[in-house]
Structures are given as C-alpha cells and as structure tokens.
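Participant: Numbering (UniProt numbering), first residue to last: 1 to 345.
Treat the hints with care, since some could be wrong.
Said to hold, decoys possible - Under the rule of at most 30 Å between Cα atoms (straight-line distance), these lysine-lysine pairs were calculated in the BS3-like manner: (1) K27 to K334; (2) K334 to K94; (3) K27 to K94; (4) K94 to K57.
Said to hold, decoys possible - Derived CB-CB ranges, DEER-like: (5) T260 to S73: 21 to 27 Å; (6) D64 to S4: 45 to 51 Å; (7) T263 to N42: 41 to 47 Å; (8) T43 to K102: 33 to 39 Å; (9) K57 to A285: 43 to 49 Å.
Please keep in mind that the hints were generated in silico from the structure rather than gathered at the bench.
Backbone N, C-alpha and C fix where the C-beta goes; we use that ideal spot for every residue, glycine too.
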Amino acid sequence: MTASLEQLRRCHFAVDLGAARTRVYVKGAGLVVDQPSAAAVNTRTGALIAVGEFAEKMTGRTPDYIRVVRPVSGGTVVDIEMAQRMLRHLLGDKVRRALRRKPRLRAAACTPHDADPLAQRAAIETLVGLGARRVELVDTLIAAAVGCGLPVEQPEATMVMVCGAAATQVAVLSLGSIVTAERIAVGGEAVDHAIVQHLRHQHELVLPSQSVRPLQLALSGNGLTTHGPASTEIHGRDVATGLARSVQVDTAAVRDAIQTPLTAVLDGIGKVLRDCPPDLVADLADRGIMMVGGSALLPGFDQMLRQATGMPVHIAERPDVCAVQGLGTMLEGKIAPLELDPLAT
1 MTASLEQLRR CHFAVDLGAA RTRVYVKGAG LVVDQPSAAA VNTRTGALIA
51 VGEFAEKMTG RTPDYIRVVR PVSGGTVVDI EMAQRMLRHL LGDKVRRALR
101 RKPRLRAAAC TPHDADPLAQ RAAIETLVGL GARRVELVDT LIAAAVGCGL
151 PVEQPEATMV MVCGAAATQV AVLSLGSIVT AERIAVGGEA VDHAIVQHLR
201 HQHELVLPSQ SVRPLQLALS GNGLTTHGPA STEIHGRDVA TGLARSVQVD
251 TAAVRDAIQT PLTAVLDGIG KVLRDCPPDL VADLADRGIM MVGGSALLPG
301 FDQMLRQATG MPVHIAERPD VCAVQGLGTM LEGKIAPLEL DPLAT
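Turn these sequences into a full structure, and let the hints steer you where they fit.
Facilitator: This is the structure:
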C-alpha cells in the first residue's frame, strides 16, 4: 500500500477511476457517484454536453460534431483536463461545495498494480484540479480485498482477482501487503472484442457498439458451460449490404471464441501461484479465489476457473464496487492494522 492507514483516515473523499466506470466515495456520505467514464463533447465549441450514463447512451448515435470521449483507459487517466471536467459534473455543485469547505482537502485514489509513475502522476493531477491539497494512492488490489471483506491484515493468505474492463489483476495478500501479483492485459473489453470478431468472420454481421453485453447475458447463468441455451438470436448489420439482419448464433461457438482471451487469465493465475511461497498456497487451497470487478459477473466465468484450478472460487457480494468500498472503509477508519505485542526480554 502506497499510503498508510493513518494517512487515509485523514482523507475526505476517495475516487476509483476505472476504465469502464468512475466511482466517488465521500467520507460520512458513502458512495455518491457510480457512472460510466464517458463524456460527450461538442467539437465546434468545446462545450461538455453530457457525462456518465447519458453520454454512454450517445456512443455511436451522435452527429459528426459531437464526440463521445473516454478520459480514462485501462485504469489510467489519459486526458487529465477532460477527466477533471467529467468529475466536476458527476459530483454536482452540492457535493463540490461541501468538499470545498473542508480545510486542507485530502483525497485518495485507486491505481492499478504496478502503475508507472506517469499514470500515478496523472491520477494525482486530476484530483488536485478538483481542489485536493494532498492525494494518497492505494493499490486497487488491496482496496478491492478490503472492500469484499477479506482479512488482509492477518498473517494468512488471501487471493483476490480484480476483473476489470481493460485488464485483470491477480494477487496473493498477507499482512496487509501484496506477496505476489500479476497484471494481465485481458479484461471485459477483450471478451467483447472476441465476440464481435467471431460474429464478423463467421456470420458477416456487425454488432452495434452497445449490444455485446446483452449477447453475453443471453448465454444465461451457465454461459461458459455446456448447460446454457443451444442458440440465441442476434440483430446487427450485414457487412456486405449494410442492411439490418438477424441470425441464429450457436452459443457453443461463442463460448469457444471467449475461451481464447480467458486462457491468458488462467495463465496469469498459474504464474501467481508458482511464485507464491508454499505455506501461503496451502492456505489458498481452503480459502480459494475471491473475484471482484464488473467482469467477474460474466456468466459461468467462476465455474470455468473452478474447473481449471481445482480451488474454491467466490464472487463478492457487489463485485463492481469493491474497490471504492474498500477505500471508503479505510477512510472511515473501520480497518485496523495488526497489533504485534513486543516480546518480553
């Protein structure tokens, strides 16, 4: 953890700038923002037209002079000015006025595991632009583990897997620190891309940008297993004619297309376990893997991991907000470090 628990207790609000959604936790008020990381801009005037859910709905449906941008990519701020404008609108005047009244406003932010100094600097500058006098950085893996209730401060192994939109992060934690971790550049967006490419090559069908998630949900609760439906109807545009067309898609073929990116995730889990001390691996055989992040809800993903690793796999109660809830828990002072009694001499 970059910041100590004592430093985090002094913070007034926390931000999780995820690739897909932005979440803000205000001390004493709880989670106040949970919106897509998207902003619609008028390219002629530079004016901000919409942010969050409304901007997300405008994706692919706007005239030429309106552009939907995503100031956060892969958990890293790529456009600091636009990220600040987006956060100001998402927070609203009431919350911003309340924060401005705080003396020496402090903020906390999640950063991906092994984020480079430029990415950390971009996160800090984004929050400084909102008025923060000091910004504390916390590893997303630790924040997510705290948010889903894992005993990270104990001398016992806990394994957390953060399934994000742009990347998947896997780590083994003990005594409040990361023992070994791996960041795999495969997330929910890679799964979406695999489905889109499969439909384009096999059925010559182009999907609307917002219809990939419904296709994944159409695979039912057993999506990545053979117990799901045999086929599902998909609407899209024909590659050759450009006309609207509906096709019956074999879900077994879609499962095969999804398996390719998910194999990289399994390889990452294997590498983390190989690098982990044997004593901690023995703990994990009983505790298993805790899945958090929006992509953890991909139907059947947990069953696939269970079969591949032979370990118990659990999905957090609210996997999409675990990271920001963990930051909030540390801000409110609800987690205490392990107290070690000095040995009597």
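Participant: Given the range 41 to 47 Å, decide if the beta-carbon distance of T263 to N42 lies inside it.
Facilitator: holds, 43 Å
Participant: Would the hint linking K27 and K94 be met if the CA-CA limit is 30 Å?
Facilitator: holds, 15 Å
Participant: Holds or violated: are the alpha carbons of K334 and K94 at most 30 Å from each other?
Facilitator: holds, 26 Å
Participant: Assuming the hint says 43 to 49 Å, is it satisfied by the Cβ distance from K57 to A285 or not?
Facilitator: holds, 45 Å
Participant: So if I understand the rule, the pair passes when the alpha-carbon distance is 30 Å or less; does K94 with K57 pass?
Facilitator: Given pair K94, K57 holds - Cα atoms ~25 Å apart, limit 30 Å.
Participant: Return holds or violated for the Cβ distance of T43 and K102 against the range 33 to 39 Å.
Facilitator: holds, 36 Å
Participant: Range first: 45 to 51 Å. Now tell me if the beta carbons of D64 and S4 are that far apart.
Facilitator: Given about 50 Å between the Cβ atoms, the range holds.
Participant: Check the hint pairing K27 with K334 against an upper bound of 30 Å on the C-alpha distance.
Facilitator: Roughly 12 Å separates the two Cα atoms, so the pair holds.
Participant: Look at the Cβ atoms of T260 and S73 and judge whether their distance stays inside 21 to 27 Å.
Facilitator: This hint holds: roughly 22 Å between Cβ atoms.
Taken one by one, the earlier hints all hold for this structure without exception.
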